[in-house]
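Asks: In case you want the letters, here they are:
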Amino acid sequence: MTAPLLAVDGLHVTYSSPRGDVPAVRGVALTVAAGETVALVGESGSGKSTTAHAVVRLLAPGARITGGTVTFQGTDLTRAPARVLRSVRGVGIGLVPQDPTVSLNPVHRVGRQVAEVLRIHGLADRVSAAAAADEALRAAGLPDGVADQYPHELSGGMRQRALIAVALAARPALLIADEPTSALDVTVQRRILDRLDDLTASSGTGVLLVTHDLGVAAERADRIVVMSQGQVVEAGTPDEILGAPRDPYTRALLDAAPSLTHRRAGRPAGTRPAGAVTRDRTPSGPDRAGSGAVLELRGIVKEFPRPRSVGGGTFRAVDDVDLTLRRGSTLGVVGESGSGKSTTARVAVRLADATGGRVLLDGEDVTAARGGALRAVRRRVQLVHQNPYASLNPRLSVERIVTDPLRAFGIGDRRSRHARAVDLADRVALPSTVLGRRPAELSGGQRQRVAIARALAVDPDVVVLDEPVSALDVRVQAQVLELLTGLQADLGVSYLFITHDLAVVRQVAHDVAVMRNGRVVEHGPADQVLHHPQHPYTHELLEAIPGTRALAHP
Amino acid sequence: MLRYVAGRLGQALLVLWAAYTVSFFVLWALPSDPVSLLLGTDPSDVTPEQLAAVRHEYGLDQPLLVQYVHQLGDVLHGDLGRSVSTRQPVTTLLGDAIGPTAQIAAAGLLLAVLLGGGLAVAATLTRNRRLAGTLLGLPPLGVAVPGFWFGLVLLQCFSFRLPLFPAIGDDGLASIVLPAVTLALPTGAVIAQLLSKSLTAALREPYAETARAKGASPARVHLRHALRNASLPALTAAGLLVGGLLGGTVVTETVFSRPGLGRLTATAVQSQDVPVVQGVVLVGATVFVLVNLAVDLVYPVLDPRVEQWRRRRTPRGHGTPAAVPQPA
Numbered sequence: 342m343t344a345p346l347l348a349v350d351g352l353h354v355t356y357s358s359p360r361g362d363v364p365a366v367r368g369v370a371l372t373v374a375a376g377e378t379v380a381l382v383g384e385s386g387s388g389k390s391t392t393a394h395a396v397v398r399l400l401a402p403g404a405r406i407t408g409g410t411v412t413f414q415g416t417d418l419t420r421a422p423a424r425v426l427r428s429v430r431g432v433g434i435g436l437v438p439q440d441p442t443v444s445l446n447p448v449h450r451v452g453r454q455v456a457e458v459l460r461i462h463g464l465a466d467r468v469s470a471a472a473a474a475d476e477a478l479r480a481a482g483l484p485d486g487v488a489d490q491y492p493h494e495l496s497g498g499m500r501q502r503a504l505i506a507v508a509l510a511a512r513p514a515l516l517i518a519d520e521p522t523s524a525l526d527v528t529v530q531r532r533i534l535d536r537l538d539d540l541t542a543s544s545g546t547g548v549l550l551v552t553h554d555l556g557v558a559a560e561r562a563d564r565i566v567v568m569s570q571g572q573v574v575e576a577g578t579p580d581e582i583l584g585a586p587r588d589p590y591t592r593a594l595l596d597a598a599p600s601l602t603h604r605r606a607g608r609p610a611g612t613r614p615a616g617a618v619t620r621d622r623t624p625s626g627p628d629r630a631g632s633g634a635v636l637e638l639r640g641i642v643k644e645f646p647r648p649r650s651v652g653g654g655t656f657r658a659v660d661d662v663d664l665t666l667r668r669g670s671t672l673g674v675v676g677e678s679g680s681g682k683s684t685t686a687r688v689a690v691r692l693a694d695a696t697g698g699r700v701l702l703d704g705e706d707v708t709a710a711r712g713g714a715l716r717a718v719r720r721r722v723q724l725v726h727q728n729p730y731a732s733l734n735p736r737l738s739v740e741r742i743v744t745d746p747l748r749a750f751g752i753g754d755r756r757s758r759h760a761r762a763v764d765l766a767d768r769v770a771l772p773s774t775v776l777g778r779r780p781a782e783l784s785g786g787q788r789q790r791v792a793i794a795r796a797l798a799v800d801p802d803v804v805v806l807d808e809p810v811s812a813l814d815v816r817v818q819a820q821v822l823e824l825l826t827g828l829q830a831d832l833g834v835s836y837l838f839i840t841h842d843l844a845v846v847r848q849v850a851h852d853v854a855v856m857r858n859g860r861v862v863e864h865g866p867a868d869q870v871l872h873h874p875q876h877p878y879t880h881e882l883l884e885a886i887p888g889t890r891a892l893a894h895p
Numbered sequence: 012m013l014r015y016v017a018g019r020l021g022q023a024l025l026v027l028w029a030a031y032t033v034s035f036f037v038l039w040a041l042p043s044d045p046v047s048l049l050l051g052t053d054p055s056d057v058t059p060e061q062l063a064a065v066r067h068e069y070g071l072d073q074p075l076l077v078q079y080v081h082q083l084g085d086v087l088h089g090d091l092g093r094s095v096s097t098r099q100p101v102t103t104l105l106g107d108a109i110g111p112t113a114q115i116a117a118a119g120l121l122l123a124v125l126l127g128g129g130l131a132v133a134a135t136l137t138r139n140r141r142l143a144g145t146l147l148g149l150p151p152l153g154v155a156v157p158g159f160w161f162g163l164v165l166l167q168c169f170s171f172r173l174p175l176f177p178a179i180g181d182d183g184l185a186s187i188v189l190p191a192v193t194l195a196l197p198t199g200a201v202i203a204q205l206l207s208k209s210l211t212a213a214l215r216e217p218y219a220e221t222a223r224a225k226g227a228s229p230a231r232v233h234l235r236h237a238l239r240n241a242s243l244p245a246l247t248a249a250g251l252l253v254g255g256l257l258g259g260t261v262v263t264e265t266v267f268s269r270p271g272l273g274r275l276t277a278t279a280v281q282s283q284d285v286p287v288v289q290g291v292v293l294v295g296a297t298v299f300v301l302v303n304l305a306v307d308l309v310y311p312v313l314d315p316r317v318e319q320w321r322r323r324r325t326p327r328g329h330g331t332p333a334a335v336p337q338p339a
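Heads up: the sequence lines are chains R and L, in that order. Position in the first sequence (from 1) plus 341 gives the number in my numbering. Position in the second sequence (from 1) plus 11 gives the number in my numbering.
With the rest of the complex left out, here is chain R (with noise of 0.2 Å):
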């Protein structure tokens, strides 16, 4: 067997932190081929992408590597001088980012920053480097004229496909893929992996595609390497990784991964680790408290004033929109960006006023309430952000955090308040000694379960849940999920669950409406959308799923 392309080999890094150094990466070693793709699966905090820009020596201020060696074409490049460094750079290996969205520099045009990769390296005159990136940007999937446009006039799919024209550019040997996708939504996300297939294929490059998603893992990957904690925990191609996974922490993120869920649905109960949630776990909620709407909207539209710079007018963002909650039940609203989906939901919280249409809890209309009216209407519908990094202040206590909405609303003392922190704190299963902490304290699980047991302070009717737990690792999603459902249990409440994955949905909802461009495409039992859609767009959201074309053939 001749050499592999890439050889990592007993790869050390260390972060130095305040406290001390940190080991990130302990000992890794893996091989990518030329024409082969290598996946490399983990949580965030498992080193994953650590190793991926160790490679590379793109590592973070204060990460350097302690030990082991990257032999790239026979160079050892953790010891390579920089000039060398430079020079594999941009033409050995390409390299697309994370973020899309931040990742174009915002003040250059997309092409010059296409072209530059091949100005640094000497394989292109000004002129015929403008040529090139033109190529390039077409290969990636762009319509032309996109060289002339800024970063910020592209939808983040575009960029990302900018970023690979970057990274494909000089037509390196070796493209490392750090989460390409996972800032951007389904659809768009599986367009972007079949376009990176197509070009890698087409000229033998190999790719190290680093990813979280183990459904996207065993989907486009030759072999797929699992990481934990900074260490390679499994490796095998993605049938011995899915069907027979020998680590515990492989068959954990199994069976976490929202997208592969009915595999797991589909496995003897016993099995089944605890704390898994399936459909068949949810609550019989609507038939236990009857079947009555709490919220509704009927025809709601939301137009925002279009600038003059745009020939003004009016932009609707949200369409006559009509939902129906359910008392007890849960309401999943899918779409992707851009869909309306945040929008219908800052309407029913009364955060964005309605253009058209009612907002009805318990058959009321509050549409226009204000004033005390209004503030009832915030005691009973109650809402949790996506990001539990941005909602929490960061300067107060949890327990402060989660009895502000009692002081707001002057329910109990001091002492009452207390206890029911306490309680809140046990129904969210956190321990009472969070209480005292501050949000940075926390690990982002646990900060939305602050946000969570923020919610229910107040006993509401309804909690509207924006995207709850995509900024999560898969297995605290799992977690979290399951804290939802068994509170809706408990307490009866209803939820207006917004979300951009369909795996999650499947999960919690019983009801799911599915929207685009402003309107409600499809809307119904969950069984229902879920298995036997009626529009083309709910079809293709369920294709788009990562992980469903590896099921198809175990």
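Just so you know, not all the hints are guaranteed correct.
What the hints assert, rightly or not - Going by beta-carbon spacing under 10 Å, a handful of chain R positions derived as facing chain L: (1) H394; (2) G435; (3) P438; (4) P447; (5) R450; (6) V468; (7) A471; (8) D475; (9) Y491.
As the list claims (entries may be wrong) - Covered stretches of chain L, going by a simulated chain R footprint (3 or more residues, C-beta under 8 Å): (10) 73-85; (11) 139-153; (12) 217-228.
These are calculated hints, taken from the structure and not from any lab test. For glycine and all other residues, C-beta sits at the position ideal for the given N, C-alpha and C.
Given chain R's structure and the hints, the job is docking chain L onto it.
Replies: Frame of chain R, contents of chain L only:
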């Protein structure tokens, strides 16, 4: 574009009017009587008739609002009145003073940008940590050191010990050097602080990593990618910096005994020469407004997103109302 500039000019005029009006009423409210100053220190020499005559000449015998409207009308016709102490038209005084001040202010600003910008780039570009630390330690020093002290030190070193530059007066290019350096110091220090901070931040941005992943050298990442992005916050502060520069001329021109706006301001304030003080306020406000207007016009050239931001200032929707659905 034209409409935008016109709108901004309207705003600028509004600011000028406000500055003039506020200074008019503040100066009126101050406990002083310019007229008695004009007539000498010993009030017993002056007959009430003389006093009344002077008051009448300056319009001080009229009700306040009438005075205000009259003066505002005069200002609109380009007449800023006469100095109480020298009897010269204020416009003449200002006209004579602006030239020398503009020279040292322009030279000072140029120096400040070069020194501050150069220091910031050098400090972030160097691999030598000690050098970077030393360089980054300089700006706080520059902000903290009082301008007059630095001016005196420069005089001592480069005029008296080493007679390279003239110590006082306004005599050709050589006489600009020391005042300009004195002026540039605090301004350059602020620029260095702002720029080194935003450069450090820009170099940590993902787009800088993208550039490194292309194989770009550190200098290229700095100059082609980070610097332009990093200069935007410093540019925003340009209005403030120029304001500080104008304030600095008061001290600098006094230390170097140069004619100019700063000196004029100092003497006018001392002798409570209200028309001159108002003229200076108006000039200062005009410069300020023009600088900010220039910054606003340059911004979109440096940062193509700016126009976009302005669009988004319309009521914000949650999520992004992608006006035109774009293909992925």
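Asks: Tell me the hint numbers this structure goes against, listed in increasing order.
Replies: Failing hints, ascending: 6, 7, 8, 10 and 11.
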